[in-house]
Amino acid sequence: MPTLVTPRGVRQVEDLWLDSAALDAATGWQLKPEGLCRDDACLIVPEELRHHDRVDVAGLWTRLGRPVLTSGDAVYLGEDASSKPALQAGAMAPDFTLRDLAGIEHSLSDHRGKKVFISSWAPW
Amino acid sequence: MDLPVWQALTEELADEAFVVLAVSFDTRAPDQSRPWIEAANPTYPCLLDPEHEVADLYNMVNVPNAVWVDEDGRIVRPAETAGTGDEFRTMIDPGGIPPDDLTRMMRRRERYVDAIKDWVRNGTDVTSTTDRTHSPDDALAFAHFRFGTWLAREGRDEESRAQLAEARRLKPESWAFRRQSWELEEVGKAGSPVFWEAVKALGDDAYYPPPDLPGLD
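Chain order of the listed sequences is A and B. For our numbering, add 17 to where a residue sits in the first sequence, where the first one is 1. For our numbering, add 1191 to where a residue sits in the second sequence, where the first one is 1.
Think of the hints as simulated: they come from the structure by calculation, not from any bench. A couple of the hints might just be wrong.
[To be verified] Distance condition first, Cα-Cα at most 25 Å in a straight line; then the derived SDA-like pairs of lysine to any residue:
| id | chain 1 | residue 1 | chain 2 | residue 2 |
| --- | --- | --- | --- | --- |
| 1 | A | Lys132 | B | Pro1401 |
| 2 | A | Lys132 | B | Ala1356 |
| 3 | A | Lys131 | B | Arg1265 |
| 4 | A | Lys132 | B | Asp1261 |
Okay, chain B solo, but in the shape it has when bound:
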């Protein structure tokens, strides 16, 4: 889980002008998010985003996705994988994640967190060249998705599913769409064999595309 990682980072950078904002994507928030937040007991703001508003605003496609913003409120790094890697994909195989992969996974996250520290403490230039501006399909997909989650909240499940399916069709790279849709169908489905099958079907494609930072490929 990420919340304790951001708490350690917050503590380490306590003397700096720096803040983490964690945003929970879950249409059922706060009920589902509460135990995780209480367990991590973070000193930084943990925000609830039951409408996936921040996902839409920043065109985020998965969790964890991160955006870096400077002192003037300008984007430094648009939405990207927050240092996690694809090594988790073998965790359901017999024997789990091979030790070398586990080491690589932890090292990657460390490098990502180190890059944040460097940026905060030393002002290191970490400007990303990625452009996450919505395409017409992205904008339409988020409209279908947000309409679909509203219909789900109204208990209009069948209508909701039609809207969510259209969102996924328009933006197949969004795992946030897929997993939230599954979770609305049935609690726990986002981590069920359906999820693992879908991950396997990626083949050589990344589940967590690496950010354009040195040492993070």
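For reference, chain A alone in the conformation it holds in the complex:
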């Protein structure tokens, strides 16, 4: 049974043919009559990647030009450069939500209206 790993989380799946709910949970894409949709954009799913209400997620990911990495039973669905935000002055800073030591969540967007200085560090 493959383990599907994405930046959204980890799930055990029977195989890589996912129904709409599993696909949505793993990738944020939804299977609709008009195709595969995310936000306002829909893609037509090629015949060979769709079987009734299921989609071959690895095939789809490859078709989208995104990395599909495998190691043993684990399959990682990554992002390609075209799905990454612009990182230059004037571009919207991509939002993120992380926890502090107390387990409290903080998002960059909580601080709209302030100047924000984000700095990385590591104990190593």
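With chain A fixed as given, assemble chain B onto it according to the hints.
Here is chain B on its own, set in the frame of chain A:
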């Protein structure tokens, strides 16, 4: 360490609409990050990023790397060295860092912090011309890296190493990849002779490329 520097900055700019978000890259967070955070006792948020999500999101390659964001949530300065310099490279030599280098190192950090203050207090234009948008290899490297850290968390060390090695091959400029990989192999290895050898092998290349701000070269 940087956390106390950002705390001093936070205190100095307490009356301004300004916040520091410190992000700790460590796959073992919070255990490893906790003592550092508790020692600095910061009033600004110290966030734990065991999956290097912010590194990926902003294409950061080292620590400390910083991003400046304005009131509207727009990037002013994409990921860059947060004012540190390469003078540290002689600290393992006999005699340590020469005094002149030490002075230069501290002055550079001061200038960087001064630039932040200027931006916050006076609205000084500090717009960077750097573009850190991911190349196809950057995106693929982060996928391998994040898959590798997930495999490590699962205890699948050998599989993890293969993914991390591919990440480093695709993005050799990422010291965050290298040092986190070493640390996963063995705690402490990120600061071991292996690290110092790798730094030495840079030759004339910078470990901390200077940001495009005046006086910081």
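When the hints from earlier in the document are held up against this structure, which numbers fail?
Of the numbered hints, just 2 does not hold.
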